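Enquirer: What follows is each chain in one-letter form.
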Amino acid sequence: MQNKLFYNFLFLLLLKHRIKHISIFIISTLIVFILSSVVLLSNALQEEINTTLDSQADFVIQKMRAGKSVNTPLSWSDEFREIEGISQAQPRVYGQYFFKPNAEHFTIVGIDFFDEQKSKNLQKLITNLDMKKFLEKPNMLIGHGVKALLDKYYFFDYYVFKTPHQKKRKVNIYQIFPKESSLLSNDMIIMDIDLAREILGISEEQSTDIALYNPNELEAENIYVKLVLKHADIRVIQKSDIAKAYKRLFNYKGGLFLILYMIVLLTFMMILYQRYSMVQSSDKKEIGILRALGWSIKDVIILKVTESFMVAFGAFLLGFILAFFFVFVLDAPLLSNIFYGYANLPMDISLHRSIDFSLVSLLFLFYILPFMTAVLIPSWKASVIDPLEAMR
Amino acid sequence: MSKIFATLFSVLALAFGLTCISLLTVNKSTALQSFAQLSTLPGLALSVRYFEPRNRFYADENERFFIDMRPISTMDFIYAK
Amino acid sequence: MIFFSNSVIVFIFIEALLLLLLSIAFINVVGILKSWDFSATSTKQYLLEKRSYLVLLIIFFTLGFKIILLPYFIYMIDELNVLVPGAMCAAGVINSNIYGVYLLSLKVRILFLVGLWIILNHYDLQAKDYPFFKKKLWLFILIFFLIIAESILDIFYLINIVTDTPVSCCSAIYGVSGISNPIPFDLHVSELLGLFYLLYGLTLISALYRYALLSLFSNMAFLYSAYYSVVYFFGTYVYELPTHLCPFCMLQAEYFYSGYFIWGTLFLGTFFGISAALLQYITGKEIKKMYRYSLAFNSAFILFCSSYVLLYYIRNGVFL
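Chains as they are written, first to last, in our numbering: chain A, 742 to 1133; chain B, 14 to 94; chain C, 14 to 333.
Excised from the complex, chain A in its bound form (with noise of 0.2 Å):
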């Protein structure tokens, strides 16, 4: 059965009956392009940020009071760098800054540049930079939605922050960050750390937070408890709980969408039942013909199922290929404000190409399943019809 001439007639009746296929191959074709759009956008995004997870600390410490976290001391530092396993502890300063007149939040990190590893850092990521230069003056770097606001209030060169003892400091905009980086330089501002602290308001014997790194992934969990034994007013981060909170973030908002489309799904078989079960009197004659040409019924149900299939999968294609383009050529208008929301500073990305095997089957399994289910019954209803009752 399965040969050329057997294609060739399943495509001559596809194409005979274009009227009936054409408006589920639209619908399937707008389901596949709203599903794998999304999934594809959630993909992109989490797969972008778990190639971040290496460089993040092993262990993050803050002091807590009253449910808040609070400057930690420094000499909290020295303490933990005793810990048998830890490699390096660093004093971390950073923070929210309210920029007044848009009511937006710029987030404002503190780097030690004198510090090898982070000029070494900084380098890799803004070419030709002179450090010299730089730390000749308050200087900052900062990122593309930043620079976008200070631009709205014609601050071109530079920006006067007020710290929060009533005093102004002017720091000049040294470079803008390369835009690959936006997902997580957007709303950041980097300046030099003693500068950082004037305006944050953190003085010279504390930081933000401590971040430790831990060479050996095996002992995370001894010194983790080591960690928390060390003081009653501790909170200690590991990195798993980052990798466990983007995992929940993506899953989350990629869930939810999920849950509600399984209802547009049923909505979507229970109108492909109907339209196949509907065997008008010229499909009657069709099938009466065939069999009395000496097909069988098993022959009749695989020309049917296969039809049904070649609309499945056209769509599926078709519809897969337009999502390609809208979210990774035309970076997903309107669908990205879901995963990046809209209330404070725009976000201007645009993503990275990433796909996986799991995503391609997810697609397939969530969308050509149903779809076949749906149309089992309907076409062993039209095939086993009594062919002298369809000639009649």
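Check before you lean on any hint, since a few could be wrong.
Here chain C is said to cover these stretches of chain A; the calculated rule only asks that three of the stretch's residues, wherever they fall, bring their Cβ under 8 Å from a Cβ of chain C [unchecked claim]:
hint	region
1	976-988
2	1120-1130
30 Å max Cα-Cα, derived DSBU-like pairs, lysine-lysine [claimed, not checked]:
hint	chain 1	residue 1	chain 2	residue 2
3	A	K757	B	K16
4	A	K994	A	K1025
5	A	K1122	C	K147
6	A	K878	A	K920
7	A	K988	A	K1026
8	A	K1026	C	K302
9	A	K1122	A	K745
10	A	K1039	C	K141
11	B	K16	A	K761
12	A	K893	A	K903
13	A	K1026	A	K757
14	C	K63	A	K761
15	A	K757	C	K63
16	C	K141	A	K1026
17	C	K141	C	K57
18	A	K1039	B	K16
19	A	K874	A	K861
20	C	K302	A	K745
21	A	K873	A	K903
22	A	K908	A	K859
23	A	K920	A	K994
24	A	K745	A	K1039
25	A	K1025	C	K57
26	A	K1039	C	K298
27	A	K985	A	K804
28	C	K63	A	K1025
29	A	K878	A	K861
30	A	K1122	C	K63
31	A	K988	C	K120
32	A	K980	A	K861
33	A	K1122	C	K148
Don't read these hints as lab results, they were simulated from the structure. Quick caveat, the model's predicted, so the values are computed rather than measured. Glycine included, every Cβ here is placed at the ideal spot set by N, Cα and C.
Based on the hints, put chains B and C in the right spot on chain A.
Expert: Relative to the frame of chain A, chains B and C by itself:
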């Protein structure tokens, strides 16, 4: 007739294959990674207001550690008696 | 939070759909079995034959998808390890509650029966007078009840996956605890390995000379010994770490998904070996193809596993 469909399907399949290839052969930029190394902060720059803390990825997972285990100090106290 | 995971949602949705289809088939099967008489020429028999087409179509379709769904299930479990504290791979997630292990073993058994059904169906359709028609419908009823049990276990398992208390990771579950030997019959690894290759030889002989009974028992024993050999010996070469004992970690991307190949070929090889004997019992005919497939897949499995050891030896000059 099957030729038209065959070409149509092969065009679709080709486009699908090309998208897959283009998806697989992408070289990941290191800008995001180097930035993460620089700032070492995990929070995404998604739109956040003051009521959504920027470092909301820091959840306190302290509690889960001591669910089945008594704090050591309590046990010490009992044995000291 | 497990239920927000995309793959879990898709998995449950698909399981529910397939169960719905299978229930429709089941109702029809009961009707057919009640009054099936192939030699009769009544209208009722004619209608039943029509309905049998639907039943076979649905069963073939759903069972086919069941085969795809097992690797997908394992993949899903593997993916969940990020959300379960303490779990490094699927082993921790599977063992995070008591249902996991039973569920997985039930799934593998169902897959085995499904394979058997599909082959039986193939040979039944080839013959003109459907000689095994009733047998395969009874087999379907067995599969159907097992699938219902599986669906209930699925729900219980997924509901009870803990996300707040730490579970033990694979090295804690499969590792040598020091008190007792985890390998059955208190075998040493070298003894186990000897047994493993010996049993392979036995399956080889049974496949070459087509001894049905020998094939049945040797493949069962081979499956048993192969599982322990992979976990306690070959796995360590896959991971290149003598203390890493885990049947699941090799399914991850770090090891190039080689686990899917290892467990897949083992399953297929022993499946064809065992089903060759079972089918000979059911159909009364000797099916040469089965033995050939069994031979091919078992050999592929053993070559693939052994090549890990050999390559390691060639590269490093020592065994682990």
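Enquirer: Decide, hint by hint, whether the structure agrees.
Expert: Results of checking the hints against the structure:
For a cut-off of 8 Å, the count of residues in the region 976-988 of chain A with a CB near a CB of chain C stands at 4, and the three-residue condition holds. Only residues whose beta carbon comes within less than 8 Å of a beta carbon in chain C count, and the region 1120-1130 of chain A has 4; three or more means the coverage holds. About 15 Å separates the Cα atoms of A/K757 and B/K16, which keeps this hinted pair within 30 Å; it holds. Pair hint A/K994 plus A/K1025 does not hold up; C-alpha atoms about 47 Å apart against a cutoff of 30 Å.
Restraint check for A/K1122 and C/K147: the C-alpha separation of about 23 Å stays at or below 30 Å, so the hint holds. Simply put, A/K878 and A/K920 have alpha-carbon atoms about 25 Å apart, close enough for the 30 Å limit, and the pair holds. Only pairs whose Cα atoms come within 30 Å are accepted, and A/K988 paired with A/K1026 is rejected, the gap being roughly 55 Å. The suggested pairing of A/K1026 with C/K302 is violated, with an alpha-carbon distance near 42 Å, which exceeds 30 Å.
For the given pair, A/K1122 sits about 26 Å from A/K745 by alpha-carbon distance, which is consistent with the 30 Å threshold. Annotation: proposed proximity of A/K1039 to C/K141 holds, straight-line Cα distance about 13 Å (limit 30 Å). A distance of roughly 21 Å separates the Cα atoms of B/K16 and A/K761; the hinted pair therefore holds under the 30 Å criterion. For the suggested pair A/K893 and A/K903, the alpha carbons sit about 19 Å apart, so the restraint of at most 30 Å is met.
For the hint pairing A/K1026 with A/K757, the CA-to-CA distance comes to about 14 Å; that is within 30 Å, so the pair holds. Of the pairs offered as hints, the one joining C/K63 and A/K761 holds, with about 26 Å between alpha carbons and a cut-off of 30 Å not exceeded. Taking the CA atoms of A/K757 and C/K63, the gap is near 27 Å; set against the 30 Å cutoff, the hint holds. In summary, the hint linking C/K141 to A/K1026 is supported, as the alpha carbons are separated by about 28 Å, within the 30 Å threshold.
For the proposed pair C/K141 and C/K57, the alpha carbon gap of about 20 Å is at most 30 Å, so the pair holds. With a C-alpha separation of about 26 Å, the suggested pairing of A/K1039 with B/K16 holds against the 30 Å cut-off. About 16 Å separates the Cα atoms of A/K874 and A/K861, which keeps this hinted pair within 30 Å; it holds. Between C/K302 and A/K745 the CA atoms are separated by roughly 28 Å; this keeps the pair inside 30 Å, and the hint holds.
A distance of roughly 26 Å separates the Cα atoms of A/K873 and A/K903; the hinted pair therefore holds under the 30 Å criterion. Under the criterion of a C-alpha separation no larger than 30 Å, the hint pairing A/K908 with A/K859 is consistent with the structure, at around 29 Å. For a cut-off of 30 Å, the pair hint linking A/K920 to A/K994 stands: about 24 Å separates their Cα positions. A C-alpha spacing of about 18 Å is found between A/K745 and A/K1039, which places the hinted pair at or below 30 Å, so the restraint holds.
Restraint check for A/K1025 and C/K57: satisfied, since their Cα atoms lie roughly 22 Å apart, inside the 30 Å limit. Proposed proximity of A/K1039 and C/K298 is supported: the alpha carbons are some 25 Å apart, at most 30 Å. Annotation: proposed proximity of A/K985 to A/K804 holds, straight-line Cα distance about 22 Å (limit 30 Å). Between C/K63 and A/K1025 the alpha-carbon distance is near 16 Å, which keeps this suggested pair within the 30 Å criterion.
For a cut-off of 30 Å, the pair hint linking A/K878 to A/K861 stands: about 20 Å separates their Cα positions. The straight-line distance between the Cα atoms of A/K1122 and C/K63 is roughly 9 Å, inside the 30 Å bound, and the hint therefore holds. Proposed proximity of A/K988 and C/K120 is supported: the alpha carbons are some 27 Å apart, at most 30 Å. With a C-alpha separation of about 23 Å, the suggested pairing of A/K980 with A/K861 holds against the 30 Å cut-off.
Restraint check: the Cα-Cα separation between A/K1122 and C/K148 comes to about 25 Å, which is no more than 30 Å; the hinted pair holds.
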